[in-house]
Amino acid sequence: MPSFELDAAVATWRQTYAHRDVFSPDDLDELENHLRDHFEARCAAGSSPEAAFADARRHVGDGLHTALEYDKVRWSKAYRERRLLPLLSSESVMLKNYLLIAFRVFWKRKGYVALNAVGLALGMAASLLILQHVSTERSYDAFHEHAGDTYRVQYNAYKDGRLEYESAVSFPKIGPAMQDDFPEVEAFARLFPHYGGAVITQGDRSFKEADVFQADSTFFDLFSYPLLVGNPNTVLNRPNTAVLSAATAQKYFGTASPIGERITVSGGWEYEVTGVAESPEASHLQFDVLLSFQTLVNEWGDNVNTSWGWYDFYNYIRVRPGTDPALLAAKLPGFIDTHGGENASERTEFLLQPLRSIHLESDIMYEMQINGSATAVQFLGIIALFILGIAWVNYINLSTARATERAREIGVRKVLGAAKGQLIRQFLMESVLMNALAAVLALGLMVLLLPVFSGLVGAEVSYAFFQDVRFWGIFGALFAIGSLLAGVYPAFALSAYRPVQVLKGAFSRSAKGLLLRRGLVVMQFAISFALIAGTLVVFQQLRYMQQQDLGIDTEQLLIVEGPSVIANDSLFNAQQSAFKDVMLQQAEIRGVTASMSIPGTIIYWTNEARNPVTDARSVVYQMGVDYDYLDVYGHELLAGRTFSPDFGLEENALIINETMRERLGFDSPEAALSQTVIRGGDTLNVVGVVADYHQLGLKQAYEPVGFLLRPNSRSYYTLRVQSADLAATMAYVGQQYEAFFPGNPYTRYFLDAHFNAQYERDQQFGQAFSFFALLAIVVACLGLFGLSLFTVAQRTKEIGVRKVMGATLGQVVVLLMRDIVALVLIGSLIAAPVIWVTMHDWLDGFAFRIDLGGLVFLVAALLTLLLALATVSYQSLRAARSNPVDALRYE
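Anchor point for the sequence shown: position 841 equals 841 in this note's numbering, and the numbering is continuous, going up by one each time.
Misleading hints may appear alongside valid ones.
Okay, derived cross-link-like pairs now, DSSO-like style, lysine-lysine, Cα gap no bigger than 30 Å in a straight line [said to hold, decoys possible]:
| hint | residue 1 | residue 2 |
| --- | --- | --- |
| 1 | Lys251 | Lys208 |
| 2 | Lys208 | Lys580 |
| 3 | Lys331 | Lys208 |
| 4 | Lys208 | Lys699 |
| 5 | Lys699 | Lys159 |
Keep in mind that the hints were calculated from the coordinates and are not lab data.
Please model the complete structure; the sequences and the hints are all you need to start from.
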């Protein structure tokens, strides 16, 4: 096109805007330069001069009209100063203007808005659910009025400087003695548990209650359980009085008042109901029935108050406000020597456990229930922050990456005089609106995900937290922080460039902007790698625990809880023997045994055992069993023999496991045979040695166990069944059980399920960890997908040139994906040491654990890479298959 024709066309174009008193001459010069640049680029791409000018005019004109239409005011500085400054000083007008622009931008970029809104909503919903769970876990026992001044006394036993065991139960004398000896101790309360629960009978109805305790009269002075009926100062101060939980009272008495009614515990003592109390779920101490402690004293003597060595009692103390627990704890060694004898503190240690710490930080012998895990809660909290952080990073990445799309708008608005502060406020307004949209979606997602979440964490999470002011405080804080963090950088970055640079897309080629986006993507890949590796380790450990050889055969073992209500003690042995005979008459039942404990439960019968020759000592966990126990459970006999009726009632015969043999200093299983062991005042004879087995889960080391012959054991009956119709077999067992032991509820379960219940908390943690790890990865992939759209768009011309020059489909795909591979490798290398240390610490909580090898990290890196490549592959293939002519005409 001749130059004079172009100049004429440009002159005509200038006249179109010059007469409108909108643009200064400098503004028009700037826009004209941009018009000519675009014209030349079109001509170089092969367009005719007429078409090139028409396209350049539309390009600049669209930007001008967009700016004028969006702003609804003329932005020249002179015009603003002369006519519009008073109007634009109105905050309401400016706010309306920002909102209008933001809504129009959102409507024009629906795909971008959807990606950001969904990512932010998933991040907010998941984070809020996790934080709500974390808040609940950390709120345990917070409802007690004096929670900050209340402690449980932990009892640790040592032998030759070695820690033998840590116990939540201790001696009954501790509470009264501490109150007498220490002015800091204001009150105490003791609890004596009915191990294995108790059968509560009221009228003609009987139920097996799991959590039954004898409790001091001061119980409701230390603990703030809401007492619905009764006087907290008197409900337990008389012998043979009882307080029921609200659920237990409802079960026995319905809506009628239980006060004054009488219940019988395990067919023995009778109690009068004097109160009904709530037992909140957020407490480490759950109870069904509380029985007066004075009843024990009356029945068993004052030894219940004064014993030092009988460790079956939970001791709680409340100290006076302002007491330094460390100073009080420093006095305990002297206290132990005073009451336990000289140098007793070398064998015994007392620790003060803060009441609020028990649920998450205590995992010792004789816990009242399976407590939570501070580590698990911390992991979930970190995942919550990861998910939210990834969602915010996505917004920043997508906002800055699409700067080239908004370059024309930004450049024209700055040419027309828009101030940097106005642009910053505009982008912040868009961030606020985006986060507001995501917040609304997040609330909907929370409602939908709440049942799933409850199943994952193993706790019923109700919708009641929507009524909690704290929840809305956290919700508002996340919204405000998200709006600010996700909007500040794009706002300042996009508004900081000079008009010519922005109009020419200089920001898209900014090394600083590119480095930031790559850094944020690396961070996402590092988080994804860490979460994938962590999930693999957690599930490997859980599978290892479930598949590990336990040293016994737990398959097809039906457990029936033994009778607590016995009509006639003198006839019980014959009754039990007859029951076993009837069971063995059934072809589906291959074996029956009675015992005081079963695998998967704590052995409460403990003593110190001593080798009289070497004086080697060890605590021994004693299991009372009948003749058939070792055979039914499939214990491996290493030396000696099992119990047999051929040898009569061998009450002093002892069978030990390998750990017990080692602790007592016997060189081999054979060397232990016929040796004597002193236990308390009894002399026992070793008749057999069995291989170690897992009495509890793999989180605990092998325990020193001794088996004693007690044919009248009645805590549990174990039946080895082999039946095609287990339901019919269990029903038959129930009929016979109720016939032989009337008044006792028929409670049964299979041992493998009972044993694996020990891992329930770990399994729930694994499920929750995996679910939210997957969610975090999904949010990261959403951002990566959106970013790939803009990355491919920016390289459209480059792709076209390469294809014209002969590049193959594969070469183009590799070109687009190789950066992703590098970023994944960098992220994996950054995260690997962190996750290695973290998972090592987690695995250290298991006595039996997997080896943390390098394979899991290699697999995690490959999975991260595959996810990343799968996310960007569609756009990469689409760009690689595009027509190079279209690509060259793109700009």
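> Within a Cα-Cα threshold of 30 Å, do Lys699 and Lys159 meet the stated pairing?
Replying inline: holds, 22 Å
>> Please verify whether Lys331 and Lys208 have alpha carbons no more than 30 Å apart.
In response: violated, 42 Å
>> Hint check: Lys208 vs Lys580, CA-CA at most 30 Å. Holds or violated?
In response: Between Lys208 and Lys580 the Cα gap is close to 22 Å, so the pair holds against 30 Å.
> Does Lys208 lie within 30 Å of Lys251 when you go C-alpha to C-alpha?
Replying inline: holds, 12 Å
> Given the hinted pair Lys208 and Lys699, is their alpha-carbon gap at most 30 Å?
Replying inline: Measuring from Cα to Cα gives roughly 29 Å; hence the hint holds.
Comparing the model with each earlier hint shows a violation of hint 3 alone; every other hint is respected.
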